[in-house]
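Each chain, written out:
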Amino acid sequence: NAGVTQTPKFRILKIGQSMTLQCTQDMNHNYMYWYRQDPGMGLKLIYYSVGAGITDKGEVPNGYNVSRSTTEDFPLRLELAAPSQTSVYFCASSSSGSYNEQFFGPGTRLTVL
Amino acid sequence: QQQVKQSPQSLIVQKGGIPIINCAYENTAFDYFPWYQQFPGKGPALLIAIRPDVSEKKEGRFTISFNKSAKQFSLHIMDSQPGDSATYFCAATHFGNEKLTFGTGTRLTIIP
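So the protein sequences, as listed, match chains Y and W.
All residue numbers for the first sequence refer to our numbering, where the first residue is 51 and numbers rise by one.
All residue numbers for the second sequence refer to our numbering, where the first residue is 5 and numbers rise by one.
FYI, nobody ran anything at the bench for these hints, they're computed from the structure.
Certain hints may be false.
[Stated by the list, open to error] Here are the simulated distance ranges between beta carbons:
(1) Y:Ser117 - W:Leu50: 25 to 33 Å
(2) W:Ile22 - Y:Ser68: 22 to 30 Å
(3) W:Lys62 - Y:Gly103: 24 to 32 Å
(4) W:Gly64 - Y:Ser145: 43 to 51 Å
(5) W:Glu30 - Y:Pro58: 33 to 41 Å
(6) Y:Glu151 - W:Gln7: 31 to 39 Å
[As the list claims (entries may be wrong)] Taking beta-carbon pairs under 10 Å as the criterion, some of the chain W residues facing chain Y (in silico):
(7) Pro23
(8) Gly45
(9) Leu50
(10) Gly107
(11) Gly109
(12) Thr113
Quick reminder that beta carbons are idealized off the backbone N, C-alpha and C, glycines included.
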């Protein structure tokens with residue numbers, strides 16, 4: 051049981067490049083989330099999904115896109131990377147929303163230069 | 005109204021001391037308050053959580069105190085150890101809400 055896995059662990063992008071951050075969970079969780087963590091700013095929700103085919107915006111969705119074609123996978127797409135997107139990105143999953151524990155992946159550290 | 009305010013931003017405590025991290029919220033609909041612990045280079049992990057029907061919850065050396073009238077809750081770590089050095093996030097949500105609202109985090113350092 052690997053839990054939540056994220057790839058890559060580290061990435062450096064040039065301004066204007068695009069990339070996809072991968073997230074996979076093997077716990078058959080319906081709910082999945084993408085957060086970004088900036089120093090001293092806590093965890094900001096980018097997008098979330100309550101099941102395959104259903105996604106919704108979080109607090110800071112601009113510059114990002116997501117898709118959820120399967121229960122297991124929830125990729126995050128960055129189009130036209132900007133320095134403001136330099137951050138650590140975490141994917142999380144839970145069996146349902148509200149009171150259920152969120153299980154986090156190890157994170158992807160992204161730098162945009 | 006969705007904000008959760010957390011303080012202090014950082015905290016240094018001697019081994020054996022009792023660090024206290026405070027959080028305050030405004031949304032009276034919040035009815036579930038978890039704390040997450042994050043070690044360097046790792047994702048956050050659930051540490052302990054409380055519902056507002058109790059004023060205190062203990063799990064090992066970790067205690068949450070909850071003051072519903074003041075809309076505040078806090079994390080206490082008894083007999084703190086260097087291995088407790090981590091970033092701690094409080095959070096809040098309510099039934100039917102698919103999301104957690106996180107505080108800004110407290111970086112705790114326990115010195116030997």
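Status of the hints after comparison with the structure:
1. Y:Ser117 - W:Leu50: 25 to 33 Å: holds, 27 Å
2. W:Ile22 - Y:Ser68: 22 to 30 Å: violated, 48 Å
3. W:Lys62 - Y:Gly103: 24 to 32 Å: violated, 42 Å
4. W:Gly64 - Y:Ser145: 43 to 51 Å: violated, 24 Å
5. W:Glu30 - Y:Pro58: 33 to 41 Å: Hint holds: Cβ distance 38 Å, inside 33 to 41 Å.
6. Y:Glu151 - W:Gln7: 31 to 39 Å: Check failed, 22 Å falls outside 31 to 39 Å.
7. Pro23: With a minimum Cβ separation of about 18 Å from chain Y (threshold 10 Å), the hint on Pro23 of chain W is violated.
8. Gly45: holds, 8 Å
9. Leu50: Holds, because the Cβ-Cβ distance from Leu50 of chain W to chain Y comes to roughly 5 Å (cut-off 10 Å).
10. Gly107: holds, 6 Å
11. Gly109: Since chain Y brings a Cβ to about 5 Å from Gly109 of chain W, closer than 10 Å, the hint holds.
12. Thr113: violated, 15 Å
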